Amino acid sequence: MRSLAHTLVLQTPGRGLLLFTEAVKDWVASVAGGSTATGLLTLYCRHTSASLLVQENADPEVLADLDRFFSRLVPDGDPLFRHTAEGPDDMPAHVRAALTQPHLSVPVVQGQLTLGTWQGIYLFEHRRRPHRREVVLQYLGS
Amino acid sequence: MRSLAHTLVLQTPGRGLLLFTEAVKDWVASVAGGSTATGLLTLYCRHTSASLLVQENADPEVLADLDRFFSRLVPDGDPLFRHTAEGPDDMPAHVRAALTQPHLSVPVVQGQLTLGTWQGIYLFEHRRRPHRREVVLQYLGS
Amino acid sequence: MRSLAHTLVLQTPGRGLLLFTEAVKDWVASVAGGSTATGLLTLYCRHTSASLLVQENADPEVLADLDRFFSRLVPDGDPLFRHTAEGPDDMPAHVRAALTQPHLSVPVVQGQLTLGTWQGIYLFEHRRRPHRREVVLQYLGS
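Chains as they are written, first to last, in my numbering: chain A, 1 to 142; chain B, 1001 to 1142; chain C, 2001 to 2142.
If we strip away everything but chain A, and leave its shape as in the complex, we get (with noise of 0.2 angstroms):
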């Protein structure tokens, strides 16, 4: 049984989903136990105002909706929020992300993510301005 870990930089370039389903799966090939492998990859991100996303990679449009939806759910400026001192989007990218989730578990079999045809993993950026973010991967199986 492996037991590995590994932390990505991500730079983002302000509000938005990022998609990083490659640089996961290269990390998973390069330490599962090849085709027969059976395990677990876990995504976490060690931030408050950034979260982890699966969503659908076709349309682009997903994501700008989603982006969309989230903006009017939770807008920047919001009177109702009186921790404001990193500006209009600081409380609002908390709240989003309470909403979304900082962590993503998907089985591996036979050496690879059991992703669907569709699914592709995201960092949702929910500040305005661009940030340097950490995700630790954590690999357990064969």
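Accuracy of the hints is not assured; some may be wrong.
Partner residues aside, some chain A positions facing chain C, computed with beta carbon under 10 angstroms [to be verified]:
#, residue
1, Arg2
2, Ala5
3, Val74
4, Ala85
Derived Cβ-Cβ restraints for the label pairs, each shown as a range [stated by the list, open to error]:
#, chain 1, residue 1, chain 2, residue 2, range
5, C, Ser2071, A, Gly77, 36 to 46 angstroms
6, A, Glu61, B, Pro1060, 14 to 24 angstroms
7, C, Ser2071, B, Pro1060, 22 to 32 angstroms
8, B, Thr1117, A, Asp76, 39 to 49 angstroms
Partial list, derived from the structure: chain C residues whose beta carbon lies under 8 angstroms from chain B [unchecked claim]:
#, residue
9, Ser2003
10, His2083
11, Ser2105
Worth flagging that the hints you see were computed from the coordinates, not collected in a lab. These figures come from a predicted structure and were not determined experimentally. Here a beta-carbon is modelled for each residue, glycine too, at the ideal position from N, C-alpha and C.
Could you slot chains B and C onto chain A? The hints should help.
Showing chains B and C alone in chain A's frame:
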């Protein structure tokens, strides 16, 4: 240490919550190492318009209320959305999936899932039409 | 490879976020195999009206804003809900739990949880009255 996986196929009758706790329990019983086993069961939904949910399995009105809430929060045909190729419930399904989650991990102690008394495991179908859905089960443990 | 589990019992004072990072760290330190250990820590909340959240542990106003947002999004006594047997905060608690999550997995590297600098682990109590809550901790790794 064991690492095993299995794919469940679930047929949904359309939008709403489909209970499948028993199928999960049966699989865990068949792979975990008996009444002293400790481990982790992970479920993963291979779709972007369905998701996994743990909810109360006592009053069916809870399930109806949950679906009612999501239908109000993310209305079908919302003019905010531009990704409408597959109909008025397509993009709302993606948003509902983003607000819930594709994966679920439940510890196994003494060979059993540590679900609370009132907890059931549900597939949350977000499309209006019936669908065939795949959920991967993965067990790691003794 | 180790596979261990433990149940934490938390007493909540009513609705809001209860920080319990230290209790989790203490348990990981007691089960992981020292300063070279790599593994996965999973937390699981055995309730449908409380959930787990990773959030900023610096400014308490963040926690108050989070609860304020959820209280506005899912108002107590909302006439949309029919499941009202346990009071006006009963069904909103189930919806808030569905919008957050019952489980959380955090990689362990060099014997330590890979939480970010500002991240704390919280139990999110969604009912107004104090409750006794059980959170199962499960560790898999070296």
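**OP:** Against chain C, run the beta carbon of Arg2 (chain A) and see if the smallest gap drops under 10 angstroms.
**Re:** 9 angstroms, holds
Original post:
Close enough to count: is the Cβ of Ala85 (chain A) nearer than 10 angstroms to one in chain C?
Top reply: Result: holds, 7 angstroms to nearest chain C Cβ.
**OP:** For the hint on His2083 (chain C), just tell me whether its beta-carbon gets within less than 8 angstroms of chain B.
**Re:** With Cβ-Cβ at 4 angstroms, under 8 angstroms, it holds.
Original post:
Measuring from the C-beta of Val74 (chain A) to each C-beta in chain C, is the shortest one below 10 angstroms?
Top reply: 7 angstroms, holds
**OP:** With 36 to 46 angstroms as the target window, see if Ser2071 (chain C) and Gly77 (chain A) comply at their CB atoms.
**Re:** This hint is violated: roughly 19 angstroms between Cβ atoms.
Original post:
Does the CB of Ser2105 (chain C) sit less than 8 angstroms away from some CB of chain B?
Top reply: Hint holds; Ser2105 (chain C) Cβ to chain B Cβ min 6 angstroms, cut 8 angstroms.
Original post:
Quick one: are Thr1117 (chain B) and Asp76 (chain A) within 39 to 49 angstroms, going by C-beta?
Top reply: At 42 angstroms between Cβs, range holds.
Original post:
Does Ser2003 (chain C) meet its interface restraint, that is, does its C-beta lie within less than 8 angstroms of any C-beta in chain B?
Top reply: 5 angstroms, holds
**OP:** Kindly confirm whether 14 to 24 angstroms is satisfied by the beta carbon distance between Glu61 (chain A) and Pro1060 (chain B).
**Re:** Hint violated: Cβ distance 36 angstroms, outside 14 to 24 angstroms.
**OP:** With respect to the beta-carbon atoms only, verify the hint that Ser2071 (chain C) and Pro1060 (chain B) lie 22 to 32 angstroms apart.
**Re:** 26 angstroms, holds
Original post:
Is the shortest C-beta separation between Ala5 (chain A) and chain C less than 10 angstroms?
Top reply: With a minimum Cβ separation of about 5 angstroms from chain C (threshold 10 angstroms), the hint on Ala5 (chain A) holds.
In summary, the structure is inconsistent with hints 5, 6 from the numbered list given earlier, while agreeing with the others.
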